[in-house]
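Per this note's numbering, residue 53 is the first one in the sequence shown, and the count goes up by one each step.
Hint data in this document are derived by calculation from the structure and do not stem from the laboratory.
Note that the Cβ used here is the ideal one computed from N, Cα and C, for glycine as well.
Keep in mind that the hints are not guaranteed to be accurate.
Straight line, CA to CA, 20 Å or less: simulated SDA-like cross-link-like pairs of lysine to any residue [claimed, not checked]:
(1) K66 to E102
(2) K80 to K215
(3) K215 to A194
Label pairs and their calculated CB-CB ranges [what the hints assert, rightly or not]:
(4) A63 to E186: 25 to 33 Å
(5) R94 to P59: 32 to 40 Å
(6) D298 to G171: 43 to 51 Å
(7) R244 to P198: 16 to 24 Å
(8) S81 to S183: 29 to 37 Å
(9) T222 to E98: 34 to 42 Å
(10) T222 to P176: 37 to 45 Å
(11) T144 to D299: 22 to 30 Å
(12) A194 to T142: 37 to 45 Å
(13) E113 to Y139: 15 to 23 Å
(14) I85 to S231: 38 to 46 Å
(15) T60 to P198: 33 to 41 Å
(16) K308 to S214: 30 to 38 Å
(17) S231 to P120: 17 to 25 Å
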Amino acid sequence: MIEILSPTLLARAKTTGALVGDILQTLKSLCTIGTNLLDIDRWAEEMIVEARASSCYVDYEPSFGRGPFGHYICTAVNDAVLHGRPYDYTLTDGDLLTLDLAVSKGGIAADAAISFIVGDAQPPESVAMISATERALAAGIAAAGPGARIGDISHAIGTVLSKAGYPINTEFGGHGIGSTMHQDPHVANIGRPGRGYKLRPGLLLALEPWVMADTAELVTDADGWTLRSATGCRTAHTEHTIAITDDGAEILTLPKQAQP
Numbered sequence: 053m054i055e056i057l058s059p060t061l062l063a064r065a066k067t068t069g070a071l072v073g074d075i076l077q078t079l080k081s082l083c084t085i086g087t088n089l090l091d092i093d094r095w096a097e098e099m100i101v102e103a104r105a106s107s108c109y110v111d112y113e114p115s116f117g118r119g120p121f122g123h124y125i126c127t128a129v130n131d132a133v134l135h136g137r138p139y140d141y142t143l144t145d146g147d148l149l150t151l152d153l154a155v156s157k158g159g160i161a162a163d164a165a166i167s168f169i170v171g172d173a174q175p176p177e178s179v180a181m182i183s184a185t186e187r188a189l190a191a192g193i194a195a196a197g198p199g200a201r202i203g204d205i206s207h208a209i210g211t212v213l214s215k216a217g218y219p220i221n222t223e224f225g226g227h228g229i230g231s232t233m234h235q236d237p238h239v240a241n242i243g244r245p246g247r248g249y250k251l252r253p254g255l256l257l258a259l260e261p262w263v264m265a266d267t268a269e270l271v272t273d274a275d276g277w278t279l280r281s282a283t284g285c286r287t288a289h290t291e292h293t294i295a296i297t298d299d300g301a302e303i304l305t306l307p308k309q310a311q312p
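Construct all of the structure, not just a fragment, from the sequences and the given hints.
Okay, structure coming up:
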């Protein structure tokens, strides 16, 4: 299903997107050496409930997972990259943490992810990997607009990641979003320009470049959810929800203080 949102629903999408951006930035400020992943999940729950919104994850039960996800946010540490299920783990100096959050409010969902390093240690390889996903996301957003095609976005993202030297996995990527979290079209993180669905104003897309340092192969944890690099290398993941407008694309999941 591909949804094209009306102006009224787009206004709701902006509200949801800002909420997601604000929660992620608040959580990032709270994540220090000694923070437990289960505390992050609890804080996310509190902020979502206070905003009278709902998590897209608690009852999420796709074919690739094992039962309902059962938590309010994805927390992926170091070699974990996608669908990181919170568990009893305490963050240490230099951990690379990805927070991935999808929330629904007013009947419209928004989805975003940030990767950052906890504490004072700043391993250069991890910094470079996070930067590559951020640059790739910016390139993908710049390629989006009415009349562009999904392949244009995929090509822009993949060009940045490939030039940075990272293998690219095509099993999981970006996606349409609207009244539900995951919709068509699929947005791979590499592709050919000029191919695929033609973008229209009112379309929402969650773009999410993610990479693993030295492999494109994933393995699944015993929890049935958390996806890790097959080699144990570090990973990074950056995501925004955007709306296609009459003259380009608007990022919806910026925190309020970062909005123009």
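Does the beta carbon distance between T222 and E98 stay inside 34 to 42 Å, or does it fall outside? holds (36 Å)
That 22 to 30 Å hint for T144 and D299 (C-beta), does it hold up? violated (46 Å)
Hint check for P198 and R244 - Cβ pair distance inside 16 to 24 Å: Holds: the Cβ-Cβ distance is about 20 Å, inside 16 to 24 Å.
Go ahead and decide if the range 37 to 45 Å is satisfied by the Cβ distance of A194 to T142. holds (39 Å)
Take the C-beta atom of T222 and the C-beta atom of P176, compute their distance, and say whether it sits inside 37 to 45 Å. violated (28 Å)
Given the hinted pair K66 and E102, is their Cα-Cα distance within 20 Å? holds (18 Å)
If I claimed the Cβ atoms of D298 and G171 lie 43 to 51 Å apart, would that claim hold in this structure? holds (44 Å)
Between S231 and P120, is the Cβ distance one that fits in 17 to 25 Å? Hint holds: Cβ distance 20 Å, inside 17 to 25 Å.
Is it true that S81 and S183 lie within 29 to 37 Å of each other by Cβ? violated (20 Å)
Going straight from one Cα to the other, do K215 and A194 come out at no more than 20 Å? Given that 20 Å is the threshold and the Cα spacing comes to 17 Å, the pair holds.
At the C-beta level, are I85 and S231 separated by a distance inside 38 to 46 Å? For I85 and S231 the Cβ distance comes to about 40 Å; the hint holds.
How does the Cβ-Cβ distance of A63 and E186 compare with 25 to 33 Å: does it lie in that range? holds (27 Å)
Hints 2, 8, 10, 11, 15 from the earlier list are contradicted by this structure; the remaining hints agree with it.
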